[in-house]
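There are 2 protein chains.
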Amino acid sequence: MPLGERAGDKSESRYCGVETDFNDDMPHVLAFNLASGGFDFVVATLMDPAYRPSLVKKDSLSSGVLPFASSDLVLSPSQWSSHVVGKISSWIDLDSEDETQRMDSETTLKQEIAWASHLSLQACLLPAPKGTSCANYGRCVNQILQNLNNMQLWLRIPLVKSDDDSMGANSDTLVDSWETWNSFRLLCEHHSQLSVALDILSTLPSANSLVRWFGEPVRAAIINTDSFLTNARGYPCLSKRHQKLIASFFNHSIQIILSGRSVHPKASMDPVASHNHSAVDLERHPLRPYLDYVAYLYQRMDPIPEQERFELGYRDFLQSPLQPLMDNLEAQTYETFEKDTVKYIQYQRAVSKALLDRVPDEQASVITTVLMVVGAGRGPLVRASLQAAEETGRKLKVYAVEKNPNAVVTLNSLIRLEGWENTVTIVSSDMRHWNAPEMADILVSELLGSFGDNELSPECLDGAQRFLKPDGISIPSSYTSFLQPVTASKLHNDVKAHKDVVHFETAYVVKLHNVARLAPSQPVFTFAHPKPSDKESNQRYVKLQFVIPNDTGSAMVHGFAGYFDATLYEDVHLGIEPSTATPNMFSWFAIFFPLRTPICVDPGSTLEVHFWRCCGSTKVWYEWCVTSPSSSPIHNSNGRSYWVGL
Amino acid sequence: MPLGERAGDKSESRYCGVETDFNDDMPHVLAFNLASGGFDFVVATLMDPAYRPSLVKKDSLSSGVLPFASSDLVLSPSQWSSHVVGKISSWIDLDSEDETQRMDSETTLKQEIAWASHLSLQACLLPAPKGTSCANYGRCVNQILQNLNNMQLWLRIPLVKSDDDSMGANSDTLVDSWETWNSFRLLCEHHSQLSVALDILSTLPSANSLVRWFGEPVRAAIINTDSFLTNARGYPCLSKRHQKLIASFFNHSIQIILSGRSVHPKASMDPVASHNHSAVDLERHPLRPYLDYVAYLYQRMDPIPEQERFELGYRDFLQSPLQPLMDNLEAQTYETFEKDTVKYIQYQRAVSKALLDRVPDEQASVITTVLMVVGAGRGPLVRASLQAAEETGRKLKVYAVEKNPNAVVTLNSLIRLEGWENTVTIVSSDMRHWNAPEMADILVSELLGSFGDNELSPECLDGAQRFLKPDGISIPSSYTSFLQPVTASKLHNDVKAHKDVVHFETAYVVKLHNVARLAPSQPVFTFAHPKPSDKESNQRYVKLQFVIPNDTGSAMVHGFAGYFDATLYEDVHLGIEPSTATPNMFSWFAIFFPLRTPICVDPGSTLEVHFWRCCGSTKVWYEWCVTSPSSSPIHNSNGRSYWVGL
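First to last, the protein sequences are chains A and B. Take 218 as the starting number for the first sequence in the working numbering and just add one per residue. Take 218 as the starting number for the second sequence in the working numbering and just add one per residue.
Simulated from the structure, these hints should not be mistaken for laboratory data. Be careful, since some hints might not be right.
All copies of an identical chain are treated as equivalent in the list; a pair is satisfied when it fits inside any one copy or across any two copies.
[To be verified] Straight line, CA to CA, 20 Å or less: simulated EDC-like cross-link-like pairs of lysine to aspartate or glutamate: (1) Lys752 with Glu316; (2) Lys836 with Glu753; (3) Lys614 with Glu316; (4) Lys760 with Asp310; (5) Lys686 with Glu655; (6) Lys570 with Glu406; (7) Lys760 with Glu323; (8) Lys556 with Asp315; (9) Lys760 with Glu825; (10) Lys347 with Glu323; (11) Lys836 with Glu323; (12) Lys836 with Asp647; (13) Lys612 with Asp578; (14) Lys760 with Asp315; (15) Lys713 with Glu229; (16) Lys836 with Asp241; (17) Lys612 with Glu406.
Just so it is clear, the structure is predicted and the values come from calculations on it, not from any experiment.
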């Protein structure tokens, strides 16, 4: 049964599994661990651990029947697929120096995977590579992956990383199991059916190194009973750091699997607990106290906030950025964005401050401020501006400029409905071509994309600046884009699935979740309005250097997460850059710039990245590349793959 | 005029160019340097070096006419394209810290390339990157390359590499100009129109580091007059190392370009030389003595040997390996291979030795040795075997087994023609399925591919071994494949041109020429015949570690060159492994295994490579990968792209 009910949580991590020994009686294994033990699934050894193909061959009397646990008929197909994860024989070692051992391992691995496929299991757990070298193991698994049904292969990886940096690079012994995983998945080309099951040990590596795994396809975390501590009552519990890690697993749809023998005999035999159980429970499961503890950790988590619940379906899902200049937005899009009250409160605050600065109290009743909302849409910024005028007691004349004739219809009815006819003038025109009848004191716009300038706010406001007074105010007064390198294997695989270069040279809007942020974000391009000089180009070029923390270990960079922060007016800002993000605002997800070939970075090394904003006569586009630790191709040359139309 | 006539040489390197200053009078530039100076082409500055776009803009009175040298009409189209290489303004610096300088550079570069395209020049010389960073330069050139006509862009790179290894990796200053080139071409994705013009300085880096360049697309070598020494007569000459390098350039179709001012005034003014010249020559070209010296170096080279001349057309040309087991060879193919007398002499020597070992002199007239040629083709090995019998005075009975019915026709007429009917029995059958009427003393075969076992000699001889006496002899008795990492940008680009993964997972037969061998070759797979045990598998797995010499510098590995060496009998061998290759044998070119993504290796680092020979029921294939310095994908998983049919 699930670990508990957590409002909003429909993820896999509600289900907890248990690793079992080889047992020929699968129905009993299921009854004992599921019905009686309370687990949701078992990780069961499929084949007699004594089996070795090379020994069978010598005995020519053998029937040729492979020593699997039970026949397929002992469980129903749905029991096999819902409740059993196949555990591949842990003795196999495809990179052994001993050729017989190597051959036996390859044969057995292939036989067991074939059996698991026959049973339609959802996943198999592959034993951890035995040494630092895993090329032959990788080659064999890669062969299997080429012809596999929907089954997932979970490669078991112990969660270890030595903190001893001094011996790191030159040492022959493995200090960071992430390296093994990385080598293995590179050999298998990031195959989407290859994922990780982390073995959680009693000591955990540094927090920075743990972060990496949340950008990797981790499906399960195996906790051995040895890793549990004992509380005052003699019951198992986990260290604070372990607890925090488990909570992160829950939040990343990573399933917990318990493993090992009970090392808390008192808890396992608890007479009080067993007293209350029915007959079928008499054979109390020795790992029940551990499961109860994991369930306790699950149940005490906060419920998922409403906004996040709404966004669950968007997590790590690639969306094409809007092209609001070239295309006209749809009603549904306006509807969604207009609900973001936080954003409009910030705009109202900014307009209020600007009005107070521009018109002294004593002239409030004399001076009428001309405010133009450029890109008025269906009117939310008009409303925010009027509310600011009311709040500050300033007189306002508003022009609402909007190029989308469909939005203008709504805007028009809003104005009649609210009785704003005397204050607000609708202008159905592209701000870049409108001939304004007078000059504006304040220009209000919201033309920002996830990466700030990526919806061409600079180009639009260049056009609007013609009718802003020389001392006029633009809200926003400036905005800056930000970037940071991320591990994002899910996004990488989704981009790769398109099998072309175009998708690797496109930026995507994404609710980032299964992502590891490898270094703090850095500012990229800044645009200020009004522009100091008319002639200033909107082209930009920046070189960024990200330093990978020493204790992170090596990591894979699949691309860059992008954000923006906008200064609306003076200290009123709006943005999604993680360290300064405006709380509870949902209009923007992050943007993701992929790398065609992921780049592995060493601890303490510098990742050097170049970004360009290029402007042509009909379009604006970005180009990007990496030049250190090694040079990537220039992405999106001439905007061949991705551009924003003017 | 060409540097000279060298028998067999039709390459570009016969033509020598000269770098000239900006001159508005192009007809004069051509007349002076070509007609009078004896050069074949000029590398001419296209635009007034004083031009800066940012300065022009300020002067609004300007006509907007760009200050190019002459109009397109002053030369004929064929003069422009045959005799002028465009030299891009050397002041441009796209990675300058100064934005105006950067913008001016980009504008000028694009204007000059556009002008050169308009003139249909064959090539433009791009100035060397100014610093260690060249990302913006690379981005701009990459943009240009996306829309370029057939013009080549030669990136000027000074041939420098510091020998100071201690400061190499950590130093901020550039110690190896190859790194700049490598970064630049990675940014431009190995674009086939981007190549190198090397600036040859007075001191040369280590021999190992020079070798790298012969795997790169070097089109020209620019020698400044400063790099010349002075001989006893006061004339310019070059150091021995320079001479050797120039000879290599000639052999790799790299054109020489002379540059600079005369620093040998005596030679340039030589009254004796000028005395013999006609009126048009009165204005003697100051670089004429340098050109004469280069021509002397060219003329004194040995003519190209006949065999090499025949192979010129095959240089660096990718061929699919034969599938002689699945397909039947054509007459033309037999014709070519049968001409390789060296090969058959080696076979005759091997058979002779085997006959002498097997039949003592005193029994020579008594014992008849049964020799079977398996894969007899049109009969050359039958002939070699009979000649060995004659030479040694041994009695021979020959079975000639051949699966190709078309070859059997020729074989049959050969036997009648030669009167071998009593000695030779033709067997028209696949050796794997033939039921031999008696057992053989000696099994002679030549089923080897460029990589030894790649035409399935092991599988064929497994089948033939059934009718070899237990103490019988197989000729060859064993064969081993070899591999070494190579830089081979030409091959990489040719494979890449197919735009699919399949071609990157295929081995090719190639006459390797424009290739840098980065480490000595190492043995890969060995097969011995007769097999010690029937059950021994023909699957193989090997892990190789190549150490890149410290003084090579960093280098790019585009793939692996493969060879074989076969022991025919005792000390008689046959092979193409470079260090032990049988001289004057032409039946086999090397084999080339590409890497999907070229891997950059650091000096002194270890390149770890894995090769597998995999056997299925209908095919045999190789898989390969790199695991150090970083892991590549497994190539050719399950033989999905390249395999040899059984």
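Hints, verified against the model:
no.: 1; hint: Lys752 with Glu316; verdict: between (72 Å within a copy, 14 Å between copies)
no.: 2; hint: Lys836 with Glu753; verdict: within (17 Å within a copy, 65 Å between copies)
no.: 3; hint: Lys614 with Glu316; verdict: neither (86 Å within a copy, 41 Å between copies)
no.: 4; hint: Lys760 with Asp310; verdict: between (46 Å within a copy, 16 Å between copies)
no.: 5; hint: Lys686 with Glu655; verdict: within (9 Å within a copy, 108 Å between copies)
no.: 6; hint: Lys570 with Glu406; verdict: neither (55 Å within a copy, 52 Å between copies)
no.: 7; hint: Lys760 with Glu323; verdict: between (48 Å within a copy, 17 Å between copies)
no.: 8; hint: Lys556 with Asp315; verdict: neither (66 Å within a copy, 45 Å between copies)
no.: 9; hint: Lys760 with Glu825; verdict: within (7 Å within a copy, 33 Å between copies)
no.: 10; hint: Lys347 with Glu323; verdict: within (14 Å within a copy, 54 Å between copies)
no.: 11; hint: Lys836 with Glu323; verdict: between (54 Å within a copy, 19 Å between copies)
no.: 12; hint: Lys836 with Asp647; verdict: within (16 Å within a copy, 66 Å between copies)
no.: 13; hint: Lys612 with Asp578; verdict: within (11 Å within a copy, 125 Å between copies)
no.: 14; hint: Lys760 with Asp315; verdict: between (50 Å within a copy, 14 Å between copies)
no.: 15; hint: Lys713 with Glu229; verdict: neither (25 Å within a copy, 42 Å between copies)
no.: 16; hint: Lys836 with Asp241; verdict: neither (67 Å within a copy, 38 Å between copies)
no.: 17; hint: Lys612 with Glu406; verdict: neither (64 Å within a copy, 60 Å between copies)
In this structure, the hints that do not hold are numbers 3, 6, 8, 15, 16 and 17, in rising order.
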